[in-house]
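*Asks:* Use these hints to put chain B onto chain A, whose structure you have.
Taken in sequence, the protein lines are chains A and B.
Residues in the first sequence are numbered from 6 upward in steps of one, following the working numbering.
Residues in the second sequence are numbered from 6 upward in steps of one, following the working numbering.
These are calculated hints, taken from the structure and not from any lab test.
Be careful, since some hints might not be right.
[As the list claims (entries may be wrong)] Sample of chain B residues at the chain A side, in silico, Cβ under 10 Å:
#1 E316
#2 W318
#3 D319
#4 F321
#5 E322
#6 L325
#7 L329
[Unchecked claim] From the structure, some residues in chain A lie toward chain B, with a derived Cβ separation under 10 Å:
#8 I148
#9 I372
#10 V379
#11 T380
#12 R392
Please read these numbers as outputs of a predicted model, since none were measured by experiment.
The beta-carbon is built from N, C-alpha and C at its ideal position, and this holds for glycine as well.
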Amino acid sequence: FYLTPPQVNSILKANEYSFKVPEFDGKNVSSVLGFDSNQLPANAPIEDRRSAATCLQTRGMLLGVFDGHAGCACAQAVSERLFYYIAVSLLPHETLLEIENAVESGRALLPILQWHKHPNDYFSKEASKLYFNSLRTYWQELIDLNSGEATDVKEALINAFKRLDNDISLEAQVGDPNSFLNYLVLRVAFSGATACVAHVDGVDLHVANTGDSRAMLGVQEEDGSWSALNLSYDHNAQNEREVERVKTEHPKSEEKNLVKQDRLLGLLMPFRAFGDVKFKWSIELQKRVIESGPDQLNDNEYTKFIPPNYHTPPYLTAEPEVIYHRLRPQDKFLVLATDGLWETMHRQDVARIVGEYLTGVHHQEPIAVGGYKVTLGQMHGLLAERRARFSSVFEDQNVATHLIRHAVGNNEFGTVDHERLCKMLSLPEELARMYRDDMTIIVVQFNSHMISACQNEE
Amino acid sequence: PAGMFLRLLSDVRWRAANPKWRGATCSCRSASSTPPEHHPVALPAQAQVVICGGGIMGTSVAYHLSKMGWKDIVLLEQGRLAAGTTRFCAGIVSLARPVSIELKMADYSNKLYQQLEQETGVNTGYVKTGSISLAQTQDRLISLKRIASSLKVMGIPCEIITPKEVAQLHPLINIHDLVGAMYVPEDALVSSANVSLALATAASRNGTSLGFSLLPSNLHIWGFFFQWAYELGHSVEEPVNIPLHACEHFYLLTHPLKEPLPSNIPTVVDPDGRIYVRNWQGGILSGGFEKNPKPLFTEGRNQLEIHNLQEDWDHFEPLLSALLRRMPELEALQILQLVNCPESFTPDMRCIMGESPTVLGYFVLAGMNSAGISYGGGAGKYLAEWMVNGYPTDNVWPLDLKRFGSLQSSRTFLRHRVMEVMPLMCDLKVPRWDFQTGRQLRTSPLYDRLDAQGARWMEKHGFERVKYFVPPGKDLLDLDQSKTFYKPDWFDIVGSEVKCCKEAVCVIDMSSFTKFEISSTGDQALESLQYLFSNDLDVPVGHVVHTGMLNEKGGYENDCSIARLSKRSFFMISPTDQQVHCWAWLKKRLPEDSGLTMEDVTWKYTALNLIGPRAVDVLSELSYAPMTAEHFPSLFCKEMSVGYANGIRVMSITHTGEPGFVLYIPIEYALHVYNEVMNMGQKYGIRNAGYYALRSLRIEKFFAFWGQDLDAFTTPMECGREFQVKLDKGVQFVGQEALLEQKQQGVYKRFTMFILEDHDTDTDLWPWWGEPIFRNGRYVGKTTSSAYSYTLERHVCLGFVHHFDEKTGQELVVTTDFVNQGEYQIDIAGQRFQAKAKLYPFSSLFAQRRRKEEVELSGYQRE
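Just chain A, same shape as in the assembly (with noise of 0.2 Å):
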């Protein structure tokens, strides 16, 4: 059976968000002119969150993708969670006081956050004074250590990565006398998630990750073309880097045992991320939190698994790698996604697609036969798509759709092939996993003139 294509488009727009950011705030013109972000299910349900929100307090604006695994309990508290917790480790002391007055007086709290969510984008009621608590819990312990320096990015990154960790750790082990909740916050620690979060405040772009999730710039040349450079590491496996800590973390003893099959502990593909407790936590602690849990954990096979070689926990940890690049005029765009993407698309690939698409500018390769096997009837459809392609530009309103329909639908020419698009639209809950991952993807533009001239100032 076939898709139309505008079956096609509905299932890719399903969950296609745009933001453009106000000509001015207030205070500033804003190195960002929005940005746009969509996501594409494989699991049912996706366990791939995303958040964005304009920091009210301080300056700048935070984005972030975030790939749960083990379910998406862990993606959805962090994606609630994380922004607050960097919020929180960003704001001057004279805020943070006036906050913490205002909920002690029951005053009205000023607004840290403005959100900026699509509609499925849902947080959870039942665990906000939960969640709250833990952050104010946080910022009371920001405003005893008041160290009177001003606050440095990087650092309030680490510390709001690792300080979220660390409550979802302490909720999970005190648990809480609301059965949901108590069953909530033992999910969210049992699964994990990676995150890959950018700050933007004028020309200074801070973007923290923890994970395999990517954060890739796109940057265009001085001949128009465009090229990739990343902003990330990939905290698997294959960076050699990630393996050595891991290593040097664990006596020698445990080293060959370390990562198997290119997973740590020959089980988990990310070598950083959130939750995980399985990770984390002595045998004993998880034996008696699974115990005294509810029977929905005790059932659960997978929780009650304790990894093989499990000396000298924690083994996973959620700090982030933090990385600082100061936006030139040339960098367009930023790009932020989790590994469905980076798995079906080279960086060049989502740079030249991405820019091609922002400038309005299609730079085609030209098709040549050569030598290969091509009928008549092959060509003519490649061309076919290759012009669909041109038109699909004008028909997806948002940058993150159209990078998704190349992502799934593209052939070996590079080109989206409606019929594949459609295959793999069309596949069966069960076995779309097997075929793709859950994507997400927010591509950030950034307003060039303001960076230049933000450059030319010095």
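*Replies:* Same frame as chain A, but now just chain B:
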């Protein structure tokens, strides 16, 4: 051996360190008549002819020159023989050509190629496949039927067939969207490179030297035949303008089909799909003429060899779609290559042939508009005849280089125009279609004023001329878009303009006409003109004479009006497109005499034609001078004042046979005089009119015009113009002998007027020109022009009647009786209409009663 020959030739390079051809001594090899043997021969230091370009055109000219007995020929090619556009050419010999001379060239080429292998031993790959031209619309079918009519009367087999018959001829064609097709069984395929090779082989047997070199720079007699003609033309000391421009042209080659196509499968032309498809080694070769061509080499090129250009599949996509729509089964066929080869196009879609108007002995044959193979044989023959005999054996004016001037050689103009021309190769061409690009180049000073009054424009030789005026309130868009083979929607508009010319007075801006002034210190001007023109120009000052400018055979090189301004100066008015040709013709023949001057004053005068019975009233009121026939007789010229403006040259001619005047106004007075005329004319019902009205008036009065009805192969005797020839004027003139002979022996064709009898103007196809004429069921000639006569309420066609012997086909003398005693039919797209033939116009059409001679003298003429 043929392939070997090609390789040997391709190995030969003439390394000319010094580009000056004369000074170079070189180790050049000439191909001998027995191909495998070759020995080095230096190119001769001198030659009768040097031909630049070793493609189909150059070799064809060499072939024909050598056939005509010229031995001293050098053929130069900068790359390899049969390189250039010839190498890439699709090799289709197609007879379906709408222009008569092109059809003749193609027919000749086909017959030549057919016997070439036998003559030369070189395998030309000639296969007679036939061709099918498909029609997806009724209008397309009409245009095919028109072509079919003209093919049939030339004796070329041709059929209009149904879609079902198409399927029988070619199993791969999807016929579901077809309304019909034309089948030409004689069409053929050749290997174009091998045809060139065969022609060169034959020529070299007759003594032609073959050379390979950069182009020489200092030669006296030469010709050239290829796409770099523009550049080369400009490299001569006195530049020669050769208006052509290249576009990329794409065609596809495939591997053979599973069941290879039979070698004689017909070539398919699908003009509505913009493609052609031919058999190629069991697979197909398919190309086309896309809507968005890619012009090439606008800025010229230094390195002269054509390199393979890039394949551009995305650009080819619409043509590939059209191909697969037409032949869906080809989907599984494997691609071999997409070939990109430059093709040269010209501003009017016709090739360029002939002698340079500025550099004598410099001949050109170029700009084949992608039909080089079809035309190559015939074009080479005509040019060789031209070079040897001074003129070809047929009228090639439509192809003559001199139809263009320097005004068509702007690179921007050419670039824009060829981008229109290339898609036009496939576009449907309905009567009165116009080019849309390269417009508004030459305009009258009144252009804006007329445009604001609803003028619709057409173009001739770069000059904008009014077709008709759309009255206020009419839907303008509709008028521009409705193009049809049937009754056009301007019918009533032109009708009312004609009515106004008949009953009141109209103004037509006729500034585009070519205007020369010839004067001398003594009698040289009169003497020269008396020799060059057939009528007697020794008339009293102030008289206007209609006269032909004839060639030695008595044919019209030009047809003009000459006013004697003074004893020693003459003002000559010729058709618009005569500007280059007439100038060159006179320059070549006028004596070198510093006392004799000729000036082109076309740009100095705006011409307003006041047509109608009230013209005399308007003009006399504006000039305070009596303009009646007693004071200002017909065919009279006087300088007078009109309004405030003095020195207006007023002539009592209208080019229509209606009463009235033409005002030749120095351009700075043009607006003033126009305003005065329009204001004063109000009370006489004056209005603007255009050339369509003029045309209707002219044709209903049986006035021939040069370029359509008259050409270099038509004499005054053949078109009832004896009265414009003064055989006894006491001075010898060009063409006199031929005319005397004709007068004694009779003529072999006769210009005749046909009034369509059973033709319904509202529902039948309209005649255009080129329709076959049948007398008693037998073909006797073709029409040359036609118009609807609003006075007769009938269509009038003008054309020539021949008398072919029923058995031998030999041309016999056409007598008045022969013309008058026939039953005539005109074939419009295969449908025949009864027509009444007349050798003299209806005297009732002339508003004023005059003596017969006056009637004939009063008006006439062109455009």
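*Asks:* Hint by hint, say whether it matches the structure.
*Replies:* Hint check:
no.: 1; hint: E316; result: holds, 6 Å
no.: 2; hint: W318; result: holds, 4 Å
no.: 3; hint: D319; result: holds, 6 Å
no.: 4; hint: F321; result: holds, 8 Å
no.: 5; hint: E322; result: holds, 4 Å
no.: 6; hint: L325; result: holds, 5 Å
no.: 7; hint: L329; result: holds, 5 Å
no.: 8; hint: I148; result: violated, 63 Å
no.: 9; hint: I372; result: holds, 4 Å
no.: 10; hint: V379; result: holds, 5 Å
no.: 11; hint: T380; result: holds, 5 Å
no.: 12; hint: R392; result: holds, 6 Å
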